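Work out the full structure: start from the sequences and follow the hints.
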Amino acid sequence: MKLASDSQAMVMLCSRLGFSTQTNVKTYTLKDWNPLARKLIDANMHPGDLLGLSAVDIKSQLDIGLEESERVSFLLERGTAIAIELDRLSSLGIWVWTRADKVYPVRYRQRLKDSAPLVLFGSGDKYLPGQPGLAIVGSRNVDVEIKAFAEEIGNICANSGLVVYSGGARGIDTYSMIAALDGRGTSVSVLGHSLEKVIRDIDIRMALENENLTLLTPYLPSAGFSVGGAMGRNKLIYTLADYALVISSDFNKGGTWAGATENLKNGWVPLFVMDSMHMPEGNKMLLEKGAISMPNPLPIEGSKEFRNWLKRNSKKIQPPPSQMSLFS
Amino acid sequence: MEGYSNEARGVELLRQMLGEQAEFRPGQWDAIEMIAENKGRALLVQRTGWGKSIVYFLATKLLRDKGAGPTLLVSPLLSLMRNQLEMAERIGLSAYTINSTNRNEWDVIERALAEGCCDILLISPERLNNQHFLDEVLPLVSGRIGLLVVDEAHCISDWGHDFRPDYRRIARILQTLPKGVPVLGTTATANNRVILDIQEQIGEDLVILRGPLVRTSLRLQNLVVGDKASRLAWLAQNLPKLPGSGIIYCLTIRDTQRVAGWLQSHGINAKPYHAGDDRNIDRPALERALINNEVKALVATVALGMGFDKPDLGFVIHFQRPGSVIHYYQQVGRAGRAIDKSYGILLSGTEDDEIQEYFIESAFPNRQIFEQILRTLEREGSQRINDLLSNINARKRMAGKALKLLELDGAIGTVYNRGKYYFRTPNPWIPDDERYQRVTDLRRQELSQMQAYVTHEGCLMEFLCDALDDPQAEPCGRCANCVSRGFSVKVPTELVAAAEEFLKFDELRLFPRKSLPSGIYPDRSRVIPDNRRNQPGRTLCEYGDSGWGELVRTGKYIDQVFSDELLDAAKDLILNRWNPQPFPEWVTAIPSLRRPNLVPGFAERLAIRLGLPYHCVLIRIRDAPEQKGMENSTMQARNVQGSLGINGDVPSRPVLLVDDIVDSGWTLTIAGFLLQESGSGVVCPFTLARAQSRYG
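Residue numbers (this note's numbering), protein chains in the order written: chain A, 1 to 328; chain B, 1 to 696.
Don't take every hint at face value.
What the hints assert, rightly or not - Not the full set, but computed from the structure, chain B residues with beta-carbon under 10 Å of chain A:
| hint | residue |
| --- | --- |
| 1 | N130 |
| 2 | D158 |
| 3 | L174 |
| 4 | V183 |
| 5 | G410 |
| 6 | T425 |
For the record, the hints were derived by calculation from the structure and aren't laboratory data.
As the structure is a prediction and not an experimental result, all values here were calculated from the model.
Glycine residues also receive a C-beta, built at the ideal position from the N, C-alpha and C atoms.
This is the structure in structure tokens:
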């Protein structure tokens with residue numbers, strides 16, 4: 001895969017791809033990248049301009065300390081290894097985006113600003129993320145009624161041209177995604193782990209090849225499950241969508257609750273919650289906290305009305321637009 | 001001034017490596033400077049032995065002194081030569097190799113990398129896609145590679161004379177390398193078209209450093225001797241006249257065995273050398289024996305090639321003609337690197353074109369094989385190679401090629417989970433028929449150029465250098481054409497007759513198969529128990545060979561009966577040269593519905609000659625399509641199984657099992673299995689011919 005030089009530099013500086021955790025030098029995290037990005041802007045430079053520069057040059061041009069310039073220079077010597085790594089990933093059907101890429105989702109830049117992930121790995125269609133859609137979230141273990149509702153919504157999204165955004169986990173995530181794909185719709189899953197493994201699934205692979213599905217992850221494609229990974233991706237699901245729907249949530253525990261309250265706090269997208277007789281405790285509490293009720297059964301005739309219904313009921317919660325520099 | 005001191009430092013290091021008198025050859029320092037000082041990209045086209053390794057050793061040293069990461073040397077070679085390693089050590093460089101054959105050394109190597117003590121790491125192109133290498137090895141140096149060296153760089157271009165699929169990955173990686181990473185490509189054999197193509201792929205900033213290719217000690221001669229027997233006779237006659245020791249190249253494994261056997265029977269110490277499945281071949285030991293002049297010649301396939309360096313090799317003879325002038329230049333160029341006089345003699349045979357045509361035709365899998373693999377993986381998910389093969393009608397080797405190409409195309413991937421699994425990736429697959437056709441067309445052009453070389457009347461060395469676009473090509477003044485003299489094509493007729501006789505009785509061994517393919521008897525283990533396996537067998541000849549092979553062909557397809565000549569030869573082989581123990585006490589045959597009497601009739605006549613009873617106990621349950629239409633083991637055995645059965649009483653004594661032509665060996669394996677299941681004694685298979693299914 002051929003990356004622009006800014007992206008090449010960012011992958012070398014910010015991704016742990018092919019990097020040892022043992023070494024003294026660390027790759028850049030969000031926290032320490034943002035100050036460096038500001039130095040770059042001040043010097044009127046792009047990340048790609050750093051390629052081929054010595055530590056001494058970097059120090060003087062960016063006006064940074066010796067230690068930091070040596071860190072940058074050290075990391076930028078990973079060119080060959082990164083090219084080898086990226087070729088392997090590309091052969092597997094996995095591409096990489098950095099915040100310096102034009103195709104990087106605008107919504108991440110706008111809504112997450114400094115905390116927009118620096119590097120993303122993905123597979124499948126590159127243009128789905130950011131298309132109009134609904135984030136559907138919920139627990140892993142649910143009863144038949146709740147499962148049926150997830151499938152109904154997934155199917156309605158397919159019929160009404162909405163992308164189903166989800167987290168690719170067992171349970172609600174999978175039910176809604178499969179329903180969307182079965183209904184000839186599209187879906188984007190933001191994974192917390194195991195991208196490399198997920199793409200080997202027969203059905204997932206087919207949907208990826210047919211460009212009906214996109215998988216995204218801010219973690220290394222080979223990364224295994226971690227709670228941090230599962231939690232960390234929540235905001236990346238919400239911020240890609242136009243609306244979010246919580247189908248089932250525990251109260252005050254679990255990833256669904258954490259993600260939903262995070263969204264309420266940040267006001268990224270209007271938050272709907274499935275509202276029914278037997279809804280879980282978490283759903284009730286989210287409604288109390290100001291989430292919007294989505295009655296089960298749905299009060300609409302046919303899926304064509306769904307988009308309008310979402311719009312009407314979303315109480316004009318809009319993400320604040322903002323202009324950001326490409327890589328900051 | 002700084003430029004001067006750098007070069008002075010370079011010379012100092014060179015002398016540490018090669019001795020006080022050493023000076024750079026023209027071009028060496030330019031290349032080193034290009035890489036180590038300017039961090040540029042260079043393609044070095046120089047003949048073998050010129051000192052390409054000196055360039056990357058010194059460049060590595062200079063880069064390492066400045067704190068760069070180790071050099072990654074990508075090469076099809078398994079390891080550096082001992083003398084190269086010694087040179088590197090003299091300037092304080094440690095070179096290591098990671099490959100599949102030295103797994104027990106990986107710990108040590110990985111520690112050296114982690115501690116910064118590995119200066120040069122040699123890997124095969126395949127390893128660039130290896131999970132362990134990417135996940136465990138590269139991170140040890142934090143991915144910091146100071147210099148990337150690509151050996152046999154001509155393979156980057158499809159116009160090169162070698163098609164190595166893995167170089168496609170190298171080309172992609174080079175195309176995506178960021179600025180500031182020095183790269184050195186090296187090759188001994190790149191013509192203008194190849195160089196241009198590489199430059200186009202890798203970019204304008206690739207600097208070409210090119211030197212002359214002529215070999216000044218080599219005396220070339222082409223001899224058209226004709227059939228195999230005459231060439232064998234020529235070798236027996238002339239080999240003792242040649243200086244020192246050398247290599248005799250053959251195109252097939254079978255011929256290396258034949259030629260070596262023939263020469264041995266004339267008291268010449270010649271040994272076969274090939275990469276085939278033969279436990280008696282200890283390649284490193286054979287190479288040492290040649291280097292130490294303990295053998296007169298190794299009779300080798302191209303498996304004896306790259307990386308083999310014997311500066312005083314006296315001669316290179318080709319028993320058969322290689323497929324291209326460039327291959328020929330490379331192979332013959334192994335002679336006389338450091339001696340004044342050496343010989344390069346090309347014998348061409350009547351069979352050469354047929355063999356080369358086979359190589360060309362079987363170079364790429366056909367479209368159906370690719371499609372079958374993809375559809376199977378799409379349907380079934382991840383699969384092991386054997387499960388995959390049972391869905392694909394292709395020879396294992398051909399399926400293997402297809403898998404490799406598909407993996408390079410990004411259409412399939414591999415994953416290890418207690419065994420290697422293949423899976424389909426989400427990448428679309430676009431068949432590259434055009435590319436394969438282009439390569440195939442190129443091979444045909446190369447073949448016709450080689451044919452032209454055989455009868456070329458001008459200077460032979462000039463012809464070779466011209467073919468490689470060497471700008472300094474000129475008549476050598478040493479080859480047989482330049483000096484108008486050389487070895488005679490004439491050989492004594494008695495010697496030719498003896499060689500004919502030798503070829504006639506050059507029977508082949510049949511090795512019993514030890515396992516059944518998966519899915520044949522699902523409730524059984526695939527391993528055939530000892531008491532159900534066949535004994536080692538014999539076959540009279542190679543099908544289609546002149547001599548017996550021709551008689552088998554006419555017997556089967558024209559006369560519908562095998563001649564008495566074959567009967568006598570079979571009897572002679574079984575009684576006098578094979579004499580299996582325990583000796584068979586009865587004879588039976590593999591039946592066929594297509595030609596019901598051909599083999600049983602022959603087996604019955606053979607039984608009479610041997611004074612043994614003949615029992616017809618094997619039957620065909622339904623007729624099977626001919627084996628040769630079935631491409632791989634799993635498919636072939638399925639074809640046989642269910643079509644063979646036992647009818648009647650099976651004597652409980654050792655049996656001679658007769659068939660006409662053995663191809664996959666499954667028919668004999670399963671017949672032997674069935675016979676022993678039904679109570680026979682041990683089974684000794686005998687066939688009239690072996691299908692020439694494979695070359696090399």
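Going through the hints against the structure:
1. N130: holds, 9 Å
2. D158: violated, 18 Å
3. L174: holds, 8 Å
4. V183: holds, 9 Å
5. G410: holds, 4 Å
6. T425: holds, 4 Å
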